[in-house]
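Engineer: Next come the chains, spelled out residue by residue.
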Amino acid sequence: MWTNWILIGLLAITTYISRIIGIEVMKGRKTSSTLRLYFNYVPAGILSALVVSQLFISKDSQIQISFPIVIGGLVTALTIKISKSFLPSVIVGIVSGLLIRNL
Amino acid sequence: MNMTIRTIRTGISEALPLAIAIAAYGLSYGVLGIQAGFGLVGTVLMSLLVFSGSVQMVTVAMITGGAGILSILVTATLLNLRNLLYGAALAEGIAPAKRWRWLLSFGVSDEPFVLGISRFKKYGPDPIYFATVAGTFYIAWVSSSLIGAIIGNQIIDPQKWGLDLAFPITFVALLVPNLTEKPIITTALTGAVITVILTVLFPGTPLNILVAGVLAPLVGIYLKEKNKNVD
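Protein chains in written order, with numbering that gives the first Met the number 0: chain D, 0 to 102; chain V, 0 to 230.
Same shape as in the complex, but just chain V (with noise of 0.2 Å):
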């Protein structure tokens, strides 16, 4: 019991940054939202039941924009595709959790497979820990859905308080002390370049993480093989 309590501590504590920054770019959805024609109850409906940042937002925007259902609907699949890998990769740290996977299968999203996955490889499967973070999340995201809802355009400037900075830089802090050995280093790098080759060729396209995501651990794998064979 214990142990539990302490994993939830845990799993609060570190998720508790990137929840704040969650919050404020749920404020700015909450706005968007309104101005898109949801209306309070779509808006905060679309965050309990979507519950993925990208999505509603690509989403409020492209309606407002003037784009019909099916447009959004495949965009959101293409930006939806990159779940498959983190759900496959978080597969084994939530195993344990037995029919209760299909709830916490629910926030597979970009920042509790940060989490998760760097958890699942200090201390083994853990999906306490995982649904705390994904819960402490959850609550964050909707919250400040609603708030933004409610406020309107009443709404501070996350850049003025260098919110959006939070997001790479955890993931600045999470990504430096994993590089320890060659491998994985070259696997980080190729993700940088695979990314900076299609942002550049290919502006704003949702595939661009899913593609340096699946392609990049190849070339770690060919490093450790090479590196097997000559020991």
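Chain D with its partners taken away, still in its complex shape (with noise of 0.2 Å):
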């Protein structure tokens, strides 16, 4: 038992300092104006990769795309393109995902 504990104070520490990092690394520094274009295009490249990366499920140990998500994405990508209001876009994106899902 006393390995959890130890295990969790470790991962507790780690996960910590993984966050605290590229804060004090950054804080107060002046960027560069590329270093500044730099972090202004990593939302988009983190983004994409984190939707993409849910695309994907493992299935019997093979990989698989998910319909439900990527047409829910689809829809999503769209009713927000059109409409400009995040909730509604997210609610009708899950729920034709879910249409997909059970039909």
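What the hints contain is simulated information worked out from the structure, not anything from laboratory work.
No false leads were slipped in.
Calculated pairs, DSS-like style, for lysine-lysine (alpha carbon to alpha carbon, straight line, at most 27 Å): (1) Lys223(V) x Lys26(D); (2) Lys80(D) x Lys223(V); (3) Lys120(V) x Lys29(D); (4) Lys121(V) x Lys225(V); (5) Lys227(V) x Lys29(D); (6) Lys181(V) x Lys80(D); (7) Lys120(V) x Lys83(D).
From the structure, some residues in chain V lie toward chain D, with a derived Cβ separation under 10 Å: (8) Leu48; (9) Ile71; (10) Gly86; (11) Asp163.
The C-beta atom is built at its ideal place from N, Cα and C for all residues, glycine as well.
These two chains come separately, so use the hints to put the complex back together.
Structural biologist: Now the structure itself:
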């Protein structure tokens, strides 16, 4: 049992360190315009990576694409482009994903 | 003061859809934590102290599979590497919090990063917004872990309710409005392509998102600089 407590402690420490380092390194630093541009583009890269990584599901140790997520994502993208409102687009996307799953 | 209250209200309403999905994930973690033998206190304590869905899920899965502490720590460190990038990108937006940044940095992970960075891009640095969002997720995560650990196997199926769709779909809704100019669109496409390639070549690697996040913006910068020279 005590190994569990040690594990929890070590995970807490390493995770916290990974969170504070980036902030401490960059805070108050005058960033060059290129670095500023870089961080301006980071969200787009990360967001699309996070979305795409969740399109894949592993089933019976094989990688498959989740169609409810693909369709839900496309519907959301289209809805937010047209309506420009956040929450309704998320709801429409989830509902259409659910419909695809249950049809 | 009014401004602060308005910020907090905005933060809670924008965090809520994701908080519900996080809670569904937290319920499953709670159940798995008990099954992995962490006990009620250990399962909840891990949520209180670590506050990381991916790290905690991988930990309980690896413990159940009989892995040792060292291999779990190495995997957790790989998973955590992307926090370095998140922290660096969020630094300017959190910096006005001064010493409170030590507490705020505890909230640096996927979802608070995504909401925080979109807010900072629109309205500039805003530690109160970040604190609200991260705090909402923290409450959702810890309380749902506790409930999951108590109710054990009596769990609703998140898939049935479409809660597994909430993360990718919210992220799509946050990403799409930003795709206004070529370099950003190219960055997003590059991120997507890198992730597909890495997922096919090395399925399940925790480094996929970090690699995409580090490399994709370089393509965006290249395009931007090239266009500038043409002008």
